[in-house]
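For the sequence shown, our numbering gives the first residue as 2, with consecutive numbering after it.
There could be a bad hint or two in this list.
[Said to hold, decoys possible] SDA-like, lysine to any residue: derived pairs with alpha carbons at most 25 Å apart: (1) K132 x K175; (2) K64 x A30; (3) K126 x R172; (4) K27 x D68; (5) K39 x L159; (6) K39 x E153; (7) K27 x D53; (8) K16 x D53; (9) K12 x Y152; (10) K27 x E7; (11) K132 x A164.
Please keep in mind that the hints were generated in silico from the structure rather than gathered at the bench.
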Amino acid sequence: MDNLNERAFWKAFIKGNDRAFENIYKLYADRLFAFGMKYHADRDVIKDCLHDLFVNLFHYRSKLNPDVNPLSYLFTSLRNNVLARLRKDNRSQALVERIDYSFDLEWSPETVWIKKEEDRQLVVKLQQLIKRLPARQREVIYLKFNEELSYEEIASMLDISIASCRTLIYRAIKQLREHVEDIPLVQVFCLLLSNVRY
Numbered sequence: 002m003d004n005l006n007e008r009a010f011w012k013a014f015i016k017g018n019d020r021a022f023e024n025i026y027k028l029y030a031d032r033l034f035a036f037g038m039k040y041h042a043d044r045d046v047i048k049d050c051l052h053d054l055f056v057n058l059f060h061y062r063s064k065l066n067p068d069v070n071p072l073s074y075l076f077t078s079l080r081n082n083v084l085a086r087l088r089k090d091n092r093s094q095a096l097v098e099r100i101d102y103s104f105d106l107e108w109s110p111e112t113v114w115i116k117k118e119e120d121r122q123l124v125v126k127l128q129q130l131i132k133r134l135p136a137r138q139r140e141v142i143y144l145k146f147n148e149e150l151s152y153e154e155i156a157s158m159l160d161i162s163i164a165s166c167r168t169l170i171y172r173a174i175k176q177l178r179e180h181v182e183d184i185p186l187v188q189v190f191c192l193l194l195s196n197v198r199y
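Can you build the whole structure from these sequences, using the hints too?
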């Protein structure tokens, strides 16, 4: 589904179309669930947070901005729900800040084209290197390359400046590049981009 149809569903939902709400749910629920699992390993907690998100979305739809990117809005809302739940359950902000989120890039079926053994080894090496990045860098890399969010959307979602977002992505890519020096930079970018789900 293209971005225009997604935004059309969003606007129709805000205007009161319940069928559009169903379409939004069908379109995003699985993707949001997978995203939520990056923050918390308990499936039931993520299901609860996702349920709360859609209940609140339906209840407060008249107050929603029709011009936002629906996916970005939903990611931000779910992330906030999960983090609020973590804070409530752990009663400690310091603990929430130390949680090691699992923002591993997900390699899609399209990457089956990687046939050469050295390419497979590079993919494995890149995945291992990504796991060693700081949690915030893994998070922005995931959002940029897996979810195809813009710098502006990521910055808004994480409540950081656009410049900080760009810097985090730059530093993450630079760090990855330092560990795969013998590989052309364009190939590293192609491998990062090839994991994006369409």
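How the hints compare with the structure:
no.	hint	in the structure
1	K132 x K175	holds, 15 Å
2	K64 x A30	holds, 21 Å
3	K126 x R172	holds, 18 Å
4	K27 x D68	holds, 20 Å
5	K39 x L159	holds, 15 Å
6	K39 x E153	holds, 21 Å
7	K27 x D53	holds, 16 Å
8	K16 x D53	holds, 21 Å
9	K12 x Y152	holds, 23 Å
10	K27 x E7	holds, 11 Å
11	K132 x A164	holds, 24 Å
Consistency with the previously given hints is maintained throughout, with no hint failing.
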